[in-house]
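Asker: Protein chains in written order, with the working numbering: chain H, 1 to 373; chain A, 1 to 373.
Incorrect hints may appear among the rest.
Repeated chains share a single entry, so a pair holds when one copy, or any two copies, can fit it.
In silico DSBU-like pairs for lysine-lysine, Cα to Cα no more than 35 angstroms straight-line [stated by the list, open to error]: (1) K42 - K243; (2) K105 - K28; (3) K294 - K42; (4) K243 - K348; (5) K42 - K296; (6) K75 - K105; (7) K21 - K294; (8) K75 - K28; (9) K75 - K42; (10) K296 - K243; (11) K296 - K75; (12) K294 - K75; (13) K160 - K348; (14) K105 - K296; (15) K294 - K28; (16) K105 - K160; (17) K294 - K243; (18) K243 - K21; (19) K105 - K294; (20) K75 - K160; (21) K75 - K243.
Just so you know, the hints here were simulated from the structure itself, not pulled from any lab data.
This one's a predicted model, so the numbers in the text were calculated from it and none came from an experiment.
There are 2 protein chains.
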Amino acid sequence: MPAFSFHVTHTSGRARAGVMKLPRGEVKTPVFMPVGTLGTVKSLDPDDLVSLGAQIILGNTYHLYLRPGMEVIGKFGSLHRFMAWDRPILTDSGGFQVFSLADLKTITDEGVAFRSHIDGSGHLLTPESVIDIQDALGSDIAMVLDECIPYPAEYERAEKALATTFLWARRSQDRWREADRGGRALFGIVQGGMFPDLRRRAVEELLALDFPGYAAGGLSVGEPRQEMMDTAELTFGLLPEDKPRYGMGLGRPEDLVDLVDRGADMFDCVMPTRNARNGQMFTSRGAINIANAKYKDDPRPVDASCTCPACRRFSRAYLRHLYISRELLSYRLNTLHNLCFYLTLMDKMRRAIVEDRFAAFRRGFLDRMAEGG
Amino acid sequence: MPAFSFHVTHTSGRARAGVMKLPRGEVKTPVFMPVGTLGTVKSLDPDDLVSLGAQIILGNTYHLYLRPGMEVIGKFGSLHRFMAWDRPILTDSGGFQVFSLADLKTITDEGVAFRSHIDGSGHLLTPESVIDIQDALGSDIAMVLDECIPYPAEYERAEKALATTFLWARRSQDRWREADRGGRALFGIVQGGMFPDLRRRAVEELLALDFPGYAAGGLSVGEPRQEMMDTAELTFGLLPEDKPRYGMGLGRPEDLVDLVDRGADMFDCVMPTRNARNGQMFTSRGAINIANAKYKDDPRPVDASCTCPACRRFSRAYLRHLYISRELLSYRLNTLHNLCFYLTLMDKMRRAIVEDRFAAFRRGFLDRMAEGG
Numbered sequence: 001m002p003a004f005s006f007h008v009t010h011t012s013g014r015a016r017a018g019v020m021k022l023p024r025g026e027v028k029t030p031v032f033m034p035v036g037t038l039g040t041v042k043s044l045d046p047d048d049l050v051s052l053g054a055q056i057i058l059g060n061t062y063h064l065y066l067r068p069g070m071e072v073i074g075k076f077g078s079l080h081r082f083m084a085w086d087r088p089i090l091t092d093s094g095g096f097q098v099f100s101l102a103d104l105k106t107i108t109d110e111g112v113a114f115r116s117h118i119d120g121s122g123h124l125l126t127p128e129s130v131i132d133i134q135d136a137l138g139s140d141i142a143m144v145l146d147e148c149i150p151y152p153a154e155y156e157r158a159e160k161a162l163a164t165t166f167l168w169a170r171r172s173q174d175r176w177r178e179a180d181r182g183g184r185a186l187f188g189i190v191q192g193g194m195f196p197d198l199r200r201r202a203v204e205e206l207l208a209l210d211f212p213g214y215a216a217g218g219l220s221v222g223e224p225r226q227e228m229m230d231t232a233e234l235t236f237g238l239l240p241e242d243k244p245r246y247g248m249g250l251g252r253p254e255d256l257v258d259l260v261d262r263g264a265d266m267f268d269c270v271m272p273t274r275n276a277r278n279g280q281m282f283t284s285r286g287a288i289n290i291a292n293a294k295y296k297d298d299p300r301p302v303d304a305s306c307t308c309p310a311c312r313r314f315s316r317a318y319l320r321h322l323y324i325s326r327e328l329l330s331y332r333l334n335t336l337h338n339l340c341f342y343l344t345l346m347d348k349m350r351r352a353i354v355e356d357r358f359a360a361f362r363r364g365f366l367d368r369m370a371e372g373g
Numbered sequence: 001m002p003a004f005s006f007h008v009t010h011t012s013g014r015a016r017a018g019v020m021k022l023p024r025g026e027v028k029t030p031v032f033m034p035v036g037t038l039g040t041v042k043s044l045d046p047d048d049l050v051s052l053g054a055q056i057i058l059g060n061t062y063h064l065y066l067r068p069g070m071e072v073i074g075k076f077g078s079l080h081r082f083m084a085w086d087r088p089i090l091t092d093s094g095g096f097q098v099f100s101l102a103d104l105k106t107i108t109d110e111g112v113a114f115r116s117h118i119d120g121s122g123h124l125l126t127p128e129s130v131i132d133i134q135d136a137l138g139s140d141i142a143m144v145l146d147e148c149i150p151y152p153a154e155y156e157r158a159e160k161a162l163a164t165t166f167l168w169a170r171r172s173q174d175r176w177r178e179a180d181r182g183g184r185a186l187f188g189i190v191q192g193g194m195f196p197d198l199r200r201r202a203v204e205e206l207l208a209l210d211f212p213g214y215a216a217g218g219l220s221v222g223e224p225r226q227e228m229m230d231t232a233e234l235t236f237g238l239l240p241e242d243k244p245r246y247g248m249g250l251g252r253p254e255d256l257v258d259l260v261d262r263g264a265d266m267f268d269c270v271m272p273t274r275n276a277r278n279g280q281m282f283t284s285r286g287a288i289n290i291a292n293a294k295y296k297d298d299p300r301p302v303d304a305s306c307t308c309p310a311c312r313r314f315s316r317a318y319l320r321h322l323y324i325s326r327e328l329l330s331y332r333l334n335t336l337h338n339l340c341f342y343l344t345l346m347d348k349m350r351r352a353i354v355e356d357r358f359a360a361f362r363r364g365f366l367d368r369m370a371e372g373g
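Chain H extracted, bound-state conformation (with noise of 0.2 angstroms):
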């Protein structure tokens, strides 16, 4: 097996390409993870995600622990083979599902004890485990347990807090190089909420222990768009050239473009399936709401530029009436809509960097996303 390796191969600006070497297959980045939280992209089957080009999908760690629980997938051997998808995936560490969605959260140095959200059981998570469940769940890419705050927080809060995750840090990279992982790597990630101190305090001390990819957690917590930018250009502007920048949870579609300009080249987040739930699809022109009843009897498709599966053989008219309907076919479809946005955003951020483009590339999009429908 290969050792893990990432090569930025163009630049434009600060805008990365670059390629990453895993186990089960090359990521190009900038990449963008559909978030696969119980071992299903909601509404997806592995197929769907192959036809939109999905490189590498994320797993939520907290939520497979518990449902179907590790008992059921280490049967299988790993998440790829229970969900039957084998292209690369990254789990989260379920620090950030245990601070947000657990009840009765007790942090100790030793770990975080909860209770289930589920059915109230209770659970012990340490650094330790949470490397030894993403094991077990085959992960391409783990992360390291860490603590995360509510914003606002105070700065004696935050600074408490990243003491804590530089702790576990350090102790899930050492469980981590307890074996041979053939090829898989686990990042770091930096906090430190909204203070840029505090934030080069965290990025200094995780290069010490020379992760081979750094995330900037913490962020798209509720604070202003333009803190969060702030924050996310002062991390990746501080961590190594040579090793892939992954903005967790992040973002909007403007968010990642304005990020890939910062010098981001991964990401994830719920809002393209999520929003589709909800009714909302991403177009070139903007975000709309499918149930808005201008589009009654709109024979035209969402966005006349896209080649998705919803766009290609359906009009607004129809995907409005199975929404207002709450029929299943509406979430599966404005799901590969919203999807399908993402990841040709990717695809044409990525041709723009390695053409040397990027800067009128942001440019175009942001206006014509700012234009509306």
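Put chain A on the given structure of chain H with help from the hints.
Answerer: Just chain A now, kept in the frame of chain H:
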């Protein structure tokens, strides 16, 4: 446009194989029509249905008339174009739904006044308006408006409803004959409750009107299976050899086999699709409930002999996990499986009839179904 035609090409005992010619294509019988209530077979799109081998689907006039309404579908010229399905569609008359779903029904000779189950709005459906609606839907096979009675029903009630049904059948046909319907067909519906003499009278009266096809209505409304089977057998036995015989709303896999054995050609039923959404999956050794704890880590497909997209790729454990987690993909995969089971069953029956070994096929099928997995 060639005229509607139906030819029985093979028989095996009373079981028949035939070909029905419709404007949008040929339909080989015996045939099962997946139910596409609101312009979608729930969770599936037209490509899925083509992949499964569906030759014709059913649309519900009552539901489509209320949502999205005829103004919207009218703008597209047909239900086919609205939902992007270019094979034949049979639409029911809405009679069954008005009587089972709508509020404040008032039946007069004129028609049936009711309030929508969605928003309480008032509507009147008449034999004529129901023909006009089905014409606007572009139905390849339309059905006459009939009065549906609950089970059990008093003889007098059934007799009175039958008189109304006959009056409406005649008026439906009059309206149908006002225009050239381009090779599309209007079928009559035999009612009469579970009363043999009323069923006989119904057939006699309808035959005088000379419809191109006949349905047995008012079955599977709560009566014991033997009573359903006896009434269906009586009805199909009275219908002409050279016209298609349609068992409306029927039935379980075992019912389809027993009804083909009694000379039925066409079926529709929500069972494969609705039960899929409730976790019941049909297999060659009987139905299973995928929620069952014994499938928790079962790596086998639901049915090793099944070629559907769910059985080709996924384990019982994965399908159970999706179902337990209420994942949208669960409903889709279960539906694909159950419809594949139904449509494959029809294919197998047809082949057995063509090869004149239907009795042996039936015995083998029913034995295996009773055996259990």
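Asker: When the hints from earlier in the document are held up against this structure, which numbers fail?
Answerer: Of the numbered hints given earlier, those the structure breaks are 2, 7, 10, 13, 15, 17 and 20, listed in rising order.
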